[in-house]
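Protein chains in written order, with the working numbering: chain A, 7 to 105; chain B, 88 to 321.
Note that these hints are calculated values from the structure, not bench results. Predicted, not measured: the structure shown is a model, and the values here were computed from it. One or more hints might be untrue.
[What the hints assert, rightly or not] With the Cβ distance kept under 10 Å, some of the chain A side facing chain B (calculated, not the full set): (1) W12; (2) Y22; (3) R25; (4) G28; (5) V31; (6) S43; (7) A48; (8) A52; (9) N65; (10) A79; (11) G92; (12) A93; (13) A95.
[To be verified] Part of the chain A face toward chain B, derived, beta carbon under 10 Å: (14) I14; (15) A16; (16) G17; (17) L19; (18) A23; (19) D47; (20) A51; (21) L67; (22) A68; (23) E69; (24) S80; (25) L85; (26) L99; (27) L104.
Glycine included, C-beta positions come from ideal geometry on N, C-alpha and C.
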Amino acid sequence: MSDITWIIIAGALATYATRVGGHLVLSRFRHIPPRVSAALDAVPAAVLATLVAPAAVSNGLAEAITLIIVAIASLRFNLIMVLLIGAAAIISLRAAGLG
Amino acid sequence: MRDSLPIVVGAAPFGLLFGALAVENGFEVYQAVLMSAMLYAGASQMVGIDLFGTNVAPWIIVLSIFAVNFRHVLYSASIGPKMAGFSPLQKAIAFFFMIDPQFAEAEQRHERGQRLSFRWYMGAALPVYVAWTAEAAIGAYFGKLIKDPYAYGIDFMLPMYFLVLVMSFRRRKNWMPVVLASGVASVIAHHLVGSPWHVSIGAIAGIVLAAIMAGGDKKPETIEPDAEGVQHVR
Chain A
7 MSDITWIIIA
17 GALATYATRV
27 GGHLVLSRFR
37 HIPPRVSAAL
47 DAVPAAVLAT
57 LVAPAAVSNG
67 LAEAITLIIV
77 AIASLRFNLI
87 MVLLIGAAAI
97 ISLRAAGLG
Chain B
88 MRDSLPIVVG
98 AAPFGLLFGA
108 LAVENGFEVY
118 QAVLMSAMLY
128 AGASQMVGID
138 LFGTNVAPWI
148 IVLSIFAVNF
158 RHVLYSASIG
168 PKMAGFSPLQ
178 KAIAFFFMID
188 PQFAEAEQRH
198 ERGQRLSFRW
208 YMGAALPVYV
218 AWTAEAAIGA
228 YFGKLIKDPY
238 AYGIDFMLPM
248 YFLVLVMSFR
258 RRKNWMPVVL
268 ASGVASVIAH
278 HLVGSPWHVS
288 IGAIAGIVLA
298 AIMAGGDKKP
308 ETIEPDAEGV
318 QHVR
């Protein structure tokens with residue numbers, strides 16, 4: 007098999023390990039302390055923020071403005087609507103040469 | 088099943104884009120499909136094909152995939168105890184399908200006080216999985232027809248999508264400090280250590296801050312439902 011196929015198989019095993027690992031390890035504890043509970047509660051927002059922040063600051067003006075528009079639009083509209091607004095924003099801002 | 092439709096639609100551009108980019112980075116069509124079917128983790132798949140294109144050692148690519156997906160450890164710890172009446176085998180199956188929006192959906196269903204059953208879970212998960220795998224094939228075949236992804240903003244859909252998910256959690260306790268800590272830490276780590284470690288480092292910053300801020304609570308807080316978030320992710 008080629009390198010790519012081996013990488014895919016190893017990557018799949020590593021990914022599955024992360025998906026079962028947390029439950030297998032943490033289910034051994036009877037009571038989850040408040041701090042751990044608060045930490046777990048913060049997980050999704052914390053992780054997803056790390057996927058956004060570098061994209062917001064390491065690209066151009068068009069990208070930064072688009073993310074601000076997306077943040078404001080998400081207070082009001084659903085996901086698909088926000089993505090359409092965001093797509094319209096990035097296309098027009100880049101066409102305007104702000105990219 | 089109904090809960091999965093917006094996720095299918097929302098993920099479609101990324102599934103197609105992955106297929107197209109994978110072929111450009113030297114993957115065969117079947118390998119792009121295999122990766123979507125076996126990893127089923129969009130961001131790490133993108134990182135994987137990106138690194139493969141740069142001839143990085145295979146074990147580093149696998150480690151990077153692991154780093155990007157490390158968040159699932161915490162998802163799994165959080166959602167595992169909430170899986171009502173799942174057998175061990177059902178849990179083993181369910182965890183394979185635990186992508187970001189699936190986790191968010193399941194968390195929010197639990198917070199609404201609705202039963203998180205295996206039937207509901209797989210009903211939400213399977214359409215997304217089938218579509219995701221099919222999109223890798225379609226994207227690989229037809230992706231090259233998109234002459235200028237930059238002009239169409241396709242490369243920037245992912246950060247937009249993740250930002251909406253971040254916003255959907257804004258009713259949670261200490262959301263703003265957590266997001267700021269993670270955001271700032273990830274930007275610093277992105278400069279100093281580089282991708283993909285900024286994901287783990289930034290996430291840890293926000294999670295540790297949440298744990299520290301919870302120190303003043305005498306009783307465990309009940310988690311407030313993210314009513315808005317449910318609407319956004321669905």
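### Restraint check, 10 Å cut-off on beta carbons, for A:G28 near chain B
At about 3 Å, which falls below the 10 Å cut-off, the nearest Cβ of chain B leaves the hint on A:G28 intact, so it holds.
### Query
Taking the closest Cβ pair, is A:S43 under 10 Å from chain B?
holds (6 Å)
### Query
If you take the shortest Cβ to Cβ gap from A:A16 to chain B, is it below 10 Å?
holds (4 Å)
#### Entry: When the least beta-carbon distance from A:L99 to chain B is tested against 10 Å, hint result
Holds, because the Cβ-Cβ distance from A:L99 to chain B comes to roughly 9 Å (cut-off 10 Å).
### Message
Just to be careful: measuring from the Cβ of A:A68 to every Cβ in chain B, is the smallest value less than 10 Å?
### Response
holds (9 Å)
### Task
May I ask you to test the interface hint for A:I14 with respect to chain B, counting a Cβ-Cβ separation under 10 Å as satisfied?
holds (5 Å)
### Task
Report holds or violated for the interface hint on A:E69, using the least CB-CB distance to chain B and a cut-off of 10 Å.
holds (6 Å)
### Task
Against chain B, run the beta carbon of A:L104 and see if the smallest gap drops under 10 Å.
violated (12 Å)
### When the least beta-carbon distance from A:G92 to chain B is tested against 10 Å, hint result
holds (4 Å)
### Query
Does A:A23 meet its interface restraint, that is, does its C-beta lie within less than 10 Å of any C-beta in chain B?
Interface hint status for A:A23: holds (8 Å vs cutoff 10 Å).
### Query
Does A:S80 meet its interface restraint, that is, does its C-beta lie within less than 10 Å of any C-beta in chain B?
Since chain B brings a Cβ to about 4 Å from A:S80, closer than 10 Å, the hint holds.
### A:V31 as an interface hint toward chain B, with CB separation required under 10 Å
Hint holds; A:V31 Cβ to chain B Cβ min 7 Å, cut 10 Å.
Checked against the numbered hints above, the structure violates hints 21, 27; every other hint is satisfied.
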